[in-house]
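Chain A is fixed; fit chain B onto it per the hints.
Protein chains in written order, with the working numbering: chain A, -2 to 208; chain B, 153 to 432.
Just so you know, not all the hints are guaranteed correct.
With the Cβ distance kept under 7 Å, some of the chain B side facing chain A (calculated, not the full set) [said to hold, decoys possible]: (1) V202; (2) D206; (3) A208; (4) R211; (5) L431.
Straight line, CA to CA, 25 Å or less: simulated SDA-like cross-link-like pairs of lysine to any residue [as the list claims (entries may be wrong)]: (6) K180/A / S319/B; (7) K186/A / T207/B; (8) K169/A / E170/B.
It should be emphasised that the hints constitute simulated quantities derived from the structure, not laboratory data.
Beta carbons are placed, not taken as given, at the ideal position from N, Cα and C, and that holds for glycine.
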Amino acid sequence: MPDRPPPPPDDLQRERDMVARAQRGEAEALGGLYDLYLTQVYRYCLGRVRNAADAEDLTEEIFLKVIGAIEGFEWRPLGDSDRSPFRAWVFRIAHNHVVSFHRRAATRGPSAELSESLRDERRGPQELAETKMAIEEVFEAVRELPDAQREVILLRFASGLTVAETAEVLDKQPTNVKVLQHKGVQRLKRIMEERAAQAPTPIQFKRQGPF
Amino acid sequence: MSTSPLTPFEDLEQVEAERFARALDALERGGSSDIDPREDPTLYGLLETVDELDTAMRRTSPRPGYRTRSRALLMDAAEPGFLRRVARAGGRRIPFYDRRSFLVPFATAAAAAGITIAAMLGAGILGPADDQGAPAMASSSPVQVAPATAEAAAAVAEPNLTKLSISQDLESLRTSLDAVLTATGRGEDVDPKALRSIAESNLMVTTLIEGSPERLSTDEVIVYYQTAAETTIRLGELAQVVGDGPALVTARSSSEVGVDAAAAHLVNVQQQAEVRQVLP
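So that you can see chain A by itself, here it is in the shape it has in the complex (with noise of 0.2 Å):
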């Protein structure tokens, strides 16, 4: 499931004050909006690029925009009070973002190195090699998704926003995200499905006695 619920309130109101302060220039309260936000707005640009160097490029873009706009960030409740419209905000500058990088960047083509951003969770090369093909899969699935669908999956299950924040983002009706969410993981289940049924069968030799 989702990365994180949406944030209790005290949670809430713990992040409107680190805001607060960052926006004061408070440079420990920027840190630790960075390391807040920092896995969510990465994985959403790895979605995006799947390219490992080219999401950290642009994650690290992205935070300097935050830096530099974030004096100008009013916090206004998104309606429902237990969500975090800076949340909303950030991931608003990072769609923006990763949207003007393919602008910019349509002649080039993916150099994928997703393997540097898999977690090590102590597992063996077998494992890891495992979880990496696994993992890979489901990237080049969501990479297939239109648009519209894939903006929703990557907010909604990469970066862990909730139905409003994604809505606030893309700018849409939260009915809207839901339609989009609800066609994006059928459609990736099919893509999934199709994959795996084309994927070879592993080869299996029958022991013809002790080896």
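Using the frame of chain A, we list chain B on its own:
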């Protein structure tokens, strides 16, 4: 957004989307979706797909080296005055050389501390100095740290905690520096990846030195100090030849910061050792 009335098909689609969203919402809040795979295999299958997607996402994270480097650069960019400059630049990436003023105090302190450390190494307090009395690069002239002396100092200063090793970062630093120097020697372009790797290794070690100094081996910090000092010198020489590109400046600045952190740490270790010696 469309304001036209929904067709029956769209209506049904919205109902299904709403059910799916509700089931997801229940799961996200840590509850149960109450979906029976036999009664509603379609919806159940979609939730399984989300689970697979979520698993893949959870296993994907930024590399620690990237995190450290990127955080340091952003904190640098957040210096007062930078906020406005970044804003004026429309959030464009600010070349690192524009931010160098922030690193000047570090570099100056590192230079001053370097003299102290070189003297300490020369006196055999922390380890041996190389022939010129300047720090030696571990990759080209492996340093033989006098373990008896260093360990004696460390034993006094370091409580019995699980040690962290920086050997991997040291190795990465040496390899990357070698790659840079080899390419330069052959008249080839320097790979920015190697320069980034130098910056990341330096910042990883610096973070450890500043965050968990008591868990580091003094010997390794000495070797790191020498390697980082040599890296600073070599990259400075390189900059004279090829000019200051952002990746090169970042790599060199991170080495300077590393030298400063290692020097401060070693001076501290030495001072603690001296205090212990004076105490009855």
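Verification of the supplied hints:
| no. | hint | result |
| --- | --- | --- |
| 1 | V202 | holds (6 Å) |
| 2 | D206 | holds (5 Å) |
| 3 | A208 | holds (4 Å) |
| 4 | R211 | holds (5 Å) |
| 5 | L431 | violated (36 Å) |
| 6 | K180/A / S319/B | violated (49 Å) |
| 7 | K186/A / T207/B | holds (14 Å) |
| 8 | K169/A / E170/B | holds (16 Å) |
Going through the hint list in order, the structure does not satisfy hints 5, 6.
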